[in-house]
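Q: So the sequences go chain by chain: A and B.
Residue numbers for the first sequence follow the working numbering, beginning at 1 and rising by one.
Residue numbers for the second sequence follow the working numbering, beginning at 1 and rising by one.
Hints are supplied without guarantee of correctness; some may be wrong.
For chains that are exact copies, the list does not tell them apart, and a pair is met inside one copy or across any two.
Claimed, not checked - Subject to a maximum C-alpha distance of 25 Å in a straight line, what follows is the list of computed BS3-like cross-link-like pairs (lysine-lysine): (1) 507 to 326; (2) 499 to 90; (3) 326 to 90; (4) 401 to 325; (5) 615 to 325.
In case anyone wonders, no lab produced these hints; they're calculated from the structure.
Model, not experiment: these values are computed from the prediction.
Protein chains: 2
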Amino acid sequence: SLDDGRFPVKRIVGDQVLVQADILADGHDRVAAAVLWRVAGQRQWRQVAMRHLGNDRWCGEFPLERLGRHEFTVEAWRDDFATARMDLEKRLAAGNLSRVDLDEVLHLVRATADASGNDALATLADALEATDDPQARSALLLAPDTANAMARHDRRPFLARCTTVYPVEAERLAAGFSSWYELFPRSQAMPNADGVQPHGTFHDVIARLPAIRDMGFDVLYMPPIHPIGRSNRKGRNNSVTAEPGEPGSPYAIGAVEGGHDAVHPELGTLDDFRQLVSAAASHGLELALDFAIQCSPDHPWLRDHPDWFAWRADGSIRYAENPPKKYEDIVNVDFYASGSIPGLWTALRDVVAFWVNEGVRLFRVDNPHTKPFPFWEWMIGDIRATHPDVVFLSEAFTRPKLMYRLAKVGYSQSYTYFTWRNRKAELIEYMTELADGAPSEFFRPHFFVNTPDINPVFLHDSGRAGHLVRAALATTLSGLWGMYSGFELCEATPLKAGKEDYLDSEKYQLRAWDWDRPGNIVAEITRLNLLRRLNPALQTHLGVRFYNAANDNVLYFGKRRGSHDDIVLVAINLDPFNVQETDFELPLWEFGLPDHGALQVEDLWRGTRTTWQGKQQRVRLDPAELPFAIWRVGPGRTENGQAPEAAR
Amino acid sequence: SLDDGRFPVKRIVGDQVLVQADILADGHDRVAAAVLWRVAGQRQWRQVAMRHLGNDRWCGEFPLERLGRHEFTVEAWRDDFATARMDLEKRLAAGNLSRVDLDEVLHLVRATADASGNDALATLADALEATDDPQARSALLLAPDTANAMARHDRRPFLARCTTVYPVEAERLAAGFSSWYELFPRSQAMPNADGVQPHGTFHDVIARLPAIRDMGFDVLYMPPIHPIGRSNRKGRNNSVTAEPGEPGSPYAIGAVEGGHDAVHPELGTLDDFRQLVSAAASHGLELALDFAIQCSPDHPWLRDHPDWFAWRADGSIRYAENPPKKYEDIVNVDFYASGSIPGLWTALRDVVAFWVNEGVRLFRVDNPHTKPFPFWEWMIGDIRATHPDVVFLSEAFTRPKLMYRLAKVGYSQSYTYFTWRNRKAELIEYMTELADGAPSEFFRPHFFVNTPDINPVFLHDSGRAGHLVRAALATTLSGLWGMYSGFELCEATPLKAGKEDYLDSEKYQLRAWDWDRPGNIVAEITRLNLLRRLNPALQTHLGVRFYNAANDNVLYFGKRRGSHDDIVLVAINLDPFNVQETDFELPLWEFGLPDHGALQVEDLWRGTRTTWQGKQQRVRLDPAELPFAIWRVGPGRTENGQAPEAAR
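One chain only, chain A, in its complex shape:
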């Protein structure tokens, strides 16, 4: 449960939801309990019995059979028959069972039979009344069938139901596991015969789809595809004035050609977009769009809906800022301006609904933390009420509690601090917070290795090895990872040394890319994506455990889906400049094996198999070759299906 039921916990459809509760009654009477659950909107609860784990903690599980909001609560009652049965057994053992003791249990059976109208119970009560023999009566009362029948028809005295109904959000698999590839469609054209780079179109993107799919990605994500404003248009490298012919930033949304529900004419028509959606689907790729709630000064809304904006005392409007960044080509709507409720709110919802209607189910949302939480909670809830397969990704890089709050109010996925976590200790600390802390119930981290805004300093001079390190971290630590095109070419030239802006950023200009650039890591990314598909343990950030590796430059961890599965072990050299060797511990104890035990090992990179004996193992990771290793380890199976250690 999350914040006492105020927000849903998040799960994937097909998951079992494990519910635990402390359940107490005064005295020595036994209690029984059930989890009540239903799809939100249904009247009827379904129920499943809970079992006692000890120390008054109970648990039960229910399945998520379909997408969308579910809810559960817990019910408990005094279990009179269990109490009577326990008492009977004690008195039998002590040899002081009296006739009245038996009579009382018989009355309980009769009353339950009468109340339920159950024939079997009535027959049982008849049989009990027909005999005076204490042994025969005890035997009948202690029979397992009797206990089952009495439990099934229990009148549930002192029934108490938890006053809170706890929500659970069941989302589709891709909400927790997918691999994203980001590109600027306008840079996807081939240079023409004169070496001039034309403005790319959706059809150029269609031509790139096979390559993207071959790398193993599931999602193609594009920055805004809408008409770009001309007022205060940015020039290359974020200069405040554009030269004639410069394309401007796609985040300056809106021009005379239209706003958030229009397509930039140079990219194509809405029909071209539909062809792209359909072509992507045929390659097994899904499109993700950018939902950026901001306007160029030329956006039609400024003319048609001036009451959605905050005008200054001098009649001007303030341009957007996200300190220290300035966006002179952008103005923001005001969610609480005089005309904004409901006008602006529903218009924004309708923008999303428009693209949902065009088949889009993934939205990366720009800077959501500068917009009201209540707006997101309402809008996301409204969209998902009819389309529970829609997924929203929060692009908020801000204070942790704001990021978590956005996840609570409805975002399925969230950008993270991953790009700024490079050292072993900080990676372990951050992963532990995400996978084992409170956020594990509602915050799904999306590990982007780079974005058009973040050219991580770590990559500037670490070359191919550095890119492999970061790719390995993202693909193995998180179920969700993303890459902005150019990463696979190890493109990391900064605008200025030590700064995170790309030189000649595609945000402000067209770029031409050589997709076969020497030293690229396309093959490695392809293999990493394949290993993710083949190993469910790599399809979530949950279930990670950091094990001992003596070398502080080597991050070493295991991931496991179920407690009986094999473990995927990963060792990554975080130092892109030097060979690192380390002793590390083979987690034999996770399989109940002693320190001298053995595990079967598959090297998932090379496809080789071997056996490792003993807890202490050693690995050498050469960044010039491959700065990481990935193994799958397990006890193997004997012919009769048992683990070999257990079979001995």
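Chain A is fixed; fit chain B onto it per the hints.
A: Then chain B, alone, in the frame of chain A:
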């Protein structure tokens, strides 16, 4: 807060209540917040501003000025002036302050002045409008007086109040700090000339009061003082039949002479009881009574209110059991029998109210875990609504969550597992759960070293040293401690080896005591109680920290009330049979001192003073002399009142 406001946290009147909250707003605007608080039942909230601690965590404090239930909640709003001021400072620093920037802040001041009708703000707005000079305007807007006035009259846009109101229970000091002495009044008579022990009376107890008070106790607690049933009366050492003339167990309440609101005739009359109350008060002692909800088969209620009991099919009634203990002389009421609601519930409440009316404010409640939680919540709330100085002590020895639940529903104090915690690791673990875990907000542990039911095995053969060890533990670890008479005489003879029953227990017979028995520890108990009175750090279990002592037989800890106070250090040899020596760490770091620093030390037992230099210290604890040491340590004060280290 406790269980999302379902139950109150517990505090002592005079405490400051520290409230923390995570407070978030979207975007970059500043927020402000206040704690709202009031005595329960008042309409008007009082408020106190909260301050930002960092990472979106805010805090504020309010005082508990009177006894009883209080409540608080949190309010927050967008702080437009703070945001504008921050913006102004940034623009001034960057040199890009424009006229419209200043105009907008001026409009905010004017609007606030108009809305509040505040003259000073109106004058300020006039002054701002009267000048065009940006510097003069900025200076006025940035003046601290302006910030204060704007904060005071803030219109609080986007005001949001936490939907939960959180209760706090303010109790009197004795709810958290007192020392209890338990005795059986019927054993307090002096043998007569023939050496025969007569039945003691309240007047015999009055004669004992000076000795009890001299030992430093605050509370005199007596087992039930009501008429004792004759049916199935227990004989000495819990035999199932009593010989003629045997007094029976005082827990078999009720006879022809009366029930829970009557006094046992052999103890005296109600008027004698009143004399005892008054005599105790004149000695600075308070009486605690035993509230034991059970009846002897002769209790008037069985005749007058048969519908308060669960009769069996054969017309009999089951005697009480608390497995494995059997109470053949007792039957229990049934809280849910046909006539019990409201009859029994109000009758029980009226029993308590009767004794409250006789001046009793402390009730030790027998076995509350076998009665309904809702009964306790209602009854305790009802009594405390008119008498918030009444304190209930829960005598529940059962599973931890039941014991905690009783504290949540209203018990001020609780018996604990202390009597069964003897080793260093288990003492540290238990104290950490009580003082630093969730229970610290609602569960006040009462450390009894023995009770009529618990003659701890640890004491059976450990003699004087063992009794000193346990007395030192109870008096220094907990604000509440208790002793059943005989402990000071080191009486620990068990009924059977290894069992916790006393031989010749006063529960079933009169005893004659030699209060000057050789080897008694009256002097040590007197001094321990005195040190508790003199050192506020010893008046609560909260604030305990366990420090390093190398020897596993030595428990070593510090207690401190406020972060600037001296620390009381305690070292206790848990081994009553052997001298134990140990190195231990002087907690210089708690005073910000380096490892080679020095502290002034007062040996609280011997009254000597010295200085300790350096973190490593050593102590020798001889159980034949004194198995513990108690010091008060601090940096001392120089002539100008500074700590000497800081003064250097």
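Q: None of the hints should be skipped; say for each whether it holds.
A: Hints, one by one, checked against the model:
{"no.": "1", "hint": "507 to 326", "result": "within (14 Å within a copy, 83 Å between copies)"}
{"no.": "2", "hint": "499 to 90", "result": "between (76 Å within a copy, 23 Å between copies)"}
{"no.": "3", "hint": "326 to 90", "result": "between (78 Å within a copy, 14 Å between copies)"}
{"no.": "4", "hint": "401 to 325", "result": "within (22 Å within a copy, 53 Å between copies)"}
{"no.": "5", "hint": "615 to 325", "result": "neither (51 Å within a copy, 51 Å between copies)"}
Hint 5 alone, counting from the list given before, is not met by this structure.
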